[in-house]
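J.: If you want the building blocks of each chain, they are given just below.
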Amino acid sequence: MMELFGNPAHWLPLTFAMLMGLSILVYVVLDGFDLGVGVLFPFADDAEKDRMVASIGPFWDANETWLVLAIGILLVAFPTAHGVILTALYLPVAIMLIGLILRGVAFEFRVKAPAHHKHLWDKAFFAGSLMTALAQGFMLGKYIMGLDGGFGTWIFAMITAVFLAVGYSFIGACWIILKTDSVLQTKAVNWAKGGIWGLIIGLIAVSLATPWVSPRIFDKWFTFPEFFLLLPLPLMSSVLIALLWYALRHLPTRNDSWAWFPFAASVVLFMLAFFGMAYSFYPYVVPDQLTIYEAASAPESLFIILIGSVFVLPMIAGYTVLSYTIFRGKATELRYD
Amino acid sequence: MDAFMLSRIQFGANISFHILFPTITIALGWVLLFFKLRFNATKDHKWMGAYRFWVKVFALSFAMGVVSGITMSFQFGTNWPGFMEAVGNIAGPLLAYEILTAFFLEAVFLGIMLFGFSRVPNWLHTTATFLVAFGTTMSAFWILVLNSWMHTPAGFEMRDGVAFATDWWAIIFNPSMPYRLTHMLLASGLTVAFLILGFSAFRWLIGDRRPDVRATFRTAAWMGALLIPAQIYMGDLHGLNTLEHQPQKVAAMEGNWDTKSNVPLLLFAIPDEEARENLYEVSVPNLASIILTHKADGVVQGLNDFVAEDGTALHPPVLPVFWSFRIMVGTGVAMLLLSWSALWFMRRGRGPGGVPKVMKIILVPMAFSGWVATLAGWYTTEIGRQPWLVQGVLTTEQAVADVPAPMVATSLTAYLLVYVFLLTAYIGVLFYLARKAADTDNSDDRKPTPAPKGAKAIPAE
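Protein sequence lines, in the order shown, are assigned to chains A and B. Oh and the first sequence: position 15 is 15 in our numbering, straight run, nothing missing. Oh and the second sequence: position 430 is 430 in our numbering, straight run, nothing missing.
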């Protein structure tokens with residue numbers, strides 16, 4: 001049955017690379033907005049903080065599970081790459097994990113601990129979110145530079161760290177525009193206006209650095225006819241950014257129409273950027289060192305995971321939609337009763 | 001200290017911290033479902049009161065479990081790449097199935113279970129509670145399958161130092177899996193029983209004697225009293241299974257150096273690995289032989305059978321295994337005595353009021369006795385597997401990453417600081433929640449309305 005789609009040593013690694021890519025993308029979008037909400041915490045007053053947390057409360061845990069799935073697929077489908085990448089990223093991974101721990105528990109503690117401790121847990125929530133966003137941006141930069149340990153890489157990774165954090169806060173602000181109203185919504189529009197700069201510069205920096213670092217990637221983009229086939233990617237991104245710019249100048253509208261637009265547009269933007277990166281790095285899982293085919297587990301083991309995934313992933317998608325449907329609309333105070 | 005030892009301590013610290021919370025959530029999910037079903041059946045609001053208090057503990061424990069669990073999945077790569085390189089073909093699918101069948105299920109339905117009560121129909125809320133409990137148990141199933149496989153590997157073949165699966169049925173139902181899984185699920189049940197019993201006793205002691213406190217006290221006492229004999233029986237079976245597959249671990253647990261008959265059960269001793277003998281032994285004659293072989297003159301293998309020609313020990317370090325085992329058993333005995341005497345004092349409708357005050361005071365610290373026993377049990381079995389990571393297949397030392405020791409020391413220090421801080425905060429908040437629940441004004445017990453208005457206004461993200 002494994003031969004159904006041709007050589008299993010070929011199509012199985014490719015399928016798993018696509019599944020992993022999908023999980024990373026879903027993770028970046030979903031945890032992106034809730035990390036972003038955390039990064040924006042210092043700009044909000046106490047009541048607004050409660051509302052912001054209420055807008056992500058029912059979702060954050062499932063959002064983070066996509067990270068576990070992505071790292072899980074890397075671990076189980078490409079075990080050699082998992083070891084190479086994670087040992088190279090040892091310290092940023094540790095910082096990210098501590099960040100995730102702090103913000104994850106702060107959700108609970110800020111409402112369960114004595115009231116006079118609440119502001120401390122709010123700080124932990126902010127610090128944890130920021131640490132996570134910065135660490136992920138740093139890892140992204142280091143990965144783009146081929147996991148190399150030089151000073152130039154370090155500088156570049158610091159830059160991507162800042163811009164990913166700004167990018168997350170942008171999509172977080174767009175989420176708040178969607179999920180809230182009145183003063184907080186207006187505030188969020190202003191946060192998004194401030195954040196869009198970071199997003200633009202970040203996208204440009206990554207787009208320029210990637211082909212500049214690797215001649216292989218340069219050739220993939222700047223040859224005929226690939227160049228023209230790929231041209232829609234930067235063009236669509238530019239159009240989306242222009243539309244976002246326009247939308248943010250006119251939001252919030254009186255009847256709350258178009259409040260969904262910034263979030264939807266930034267999701268598409270993240271998808272485009274992600275597709276561009278996936279195109280650049282394919283077929284490598286460790287840039288210019290290890291391809292997905294070299295790093296893959298035994299086809300028999302991949303196949304047994306795939307069988308499970310085929311049944312379970314649609315179910316996961318189904319109940320994720322159920323959850324977002326139940327908690328649709330403007331965020332209200334979260335209560336257990 | 002070298003990177004190997006530091007990595008081991010780091011993984012040990014992470015997994016010890018992590019296991020505290022799943023141990024609570026696995027069984028607490030089912031207890032919450034029980035409260036919910038009792039409420040659905042009786043419409044008695046004491047069950048909803050119990051649900052509301054313990055669901056907060058569940059939410060907090062769940063968050064602690066999730067975030068400390070993410071750490072584990074990364075450490076396979078950052079510190080132990082050799083593990084996945086050698087046995088990734090086996091461990092990978094098992095971990096993948098855990099993520100796919102358990103993590104998403106529990107994470108998504110937790111949101112509905114916690115915040116959906118007023119947004120979804122009651123049946124969906126009850127179903128969400130069930131699915132969360134089911135998800136945590138599935139998670140335990142897969143992870144214990146993998147852990148058991150590391151102790152008693154089966155259903156695979158080695159090609160060029162890499163394990164390949166040959167029989168998934170044999171991998172999943174490997175020889176120690178049924179025992180280890182049942183042992184752990186019962187441990188979770190006991191942990192939760194004593195947690196609830198301890199905090200119900202605490203609320204009683206500070207003057208909170210409402211129906212929901214009585215109900216949880218009674219439920220937890222019964223739960224503990226019923227589960228502990230089952231656990232003792234299961235532990236015995238698990239021990240015999242270990243004797244069959246990992247005799248060196250049992251020898252270390254018993255502090256038994258020489259293969260001999262009529263092995264005594266050591267109540268106290270300080271095993272000295274240098275001299276290969278025990279100091280200050282206090283023992284019961286023949287009892288270890290009786291427990292392990294069910295015959296007074298049964299022969300039991302000793303540690304000296306597991307020494308290589310050149311003198312290197314092929315058995316685990318004796319002192320930690322010997323003592324972890326005794327701490328686990330000792331805690332179990334305390335659980336047996338306390339839960340049964342609590343039932344005795346509550347007999348013929350006396351209720352929690354019949355339990356003497358001094359015993360309630362003892363029950364408060366016993367709230368965390370499940371943690372002590374669970375950790376001690378895990379140390380026994382995991383240290384007992386050393387020097388192997390996967391018994392007979394891969395040593396722990398072969399799997400470690402080539403990360404500089406100072407880097408591991410840095411991350412380890414950071415983790416330890418965070419863990420100590422969070423554990424203090426967690427225990428502090430549990431007592432705070434109990435005190436707050438007790439302070440909430442609700443003088444009229446028989447009033448059919450649900451929780452008092454103060455408690456309803458608690459926003460609970």
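A portion of the hints provided could be inaccurate.
Unchecked claim - Ranges of calculated distance between the beta carbons of each label pair, as one might list FRET restraints:
1. A/G308 / B/L423: 32 to 38 Å
2. A/E333 / B/F368: 30 to 36 Å
3. B/E244 / A/G329: 39 to 45 Å
4. A/F311 / B/V333: 44 to 50 Å
5. B/F368 / A/H250: 52 to 58 Å
6. A/I307 / B/M158: 21 to 27 Å
7. B/K43 / A/F311: 35 to 41 Å
Since the hints were derived computationally from the structure, they do not count as laboratory data. The beta carbon of each residue, even a glycine, is placed where N, CA and C say it ideally should be.
J.: If a hint holds in the structure, say so; if it does not, say that too.
T.: Taking the hints in turn, this is what the structure says about them:
Between A/G308 and B/L423 the beta carbons are some 35 Å apart, a value that agrees with the proposed interval 32 to 38 Å. A/E333 and B/F368 have their C-beta atoms about 33 Å apart, which keeps the hinted 30 to 36 Å range intact. In this structure, B/E244 and A/G329 break the distance hint of 39 to 45 Å, their C-beta atoms being roughly 59 Å apart. The hinted window of 44 to 50 Å between A/F311 and B/V333 holds, with their beta carbons roughly 45 Å apart.
Under the hint 52 to 58 Å, the C-beta atoms of B/F368 and A/H250, about 57 Å apart, fit the expected range. For the pair A/I307 and B/M158, the beta carbons lie near 25 Å from each other, so the given range of 21 to 27 Å is met. Range check, B/K43 to A/F311: about 39 Å between beta-carbon atoms, so the 35 to 41 Å window is met.
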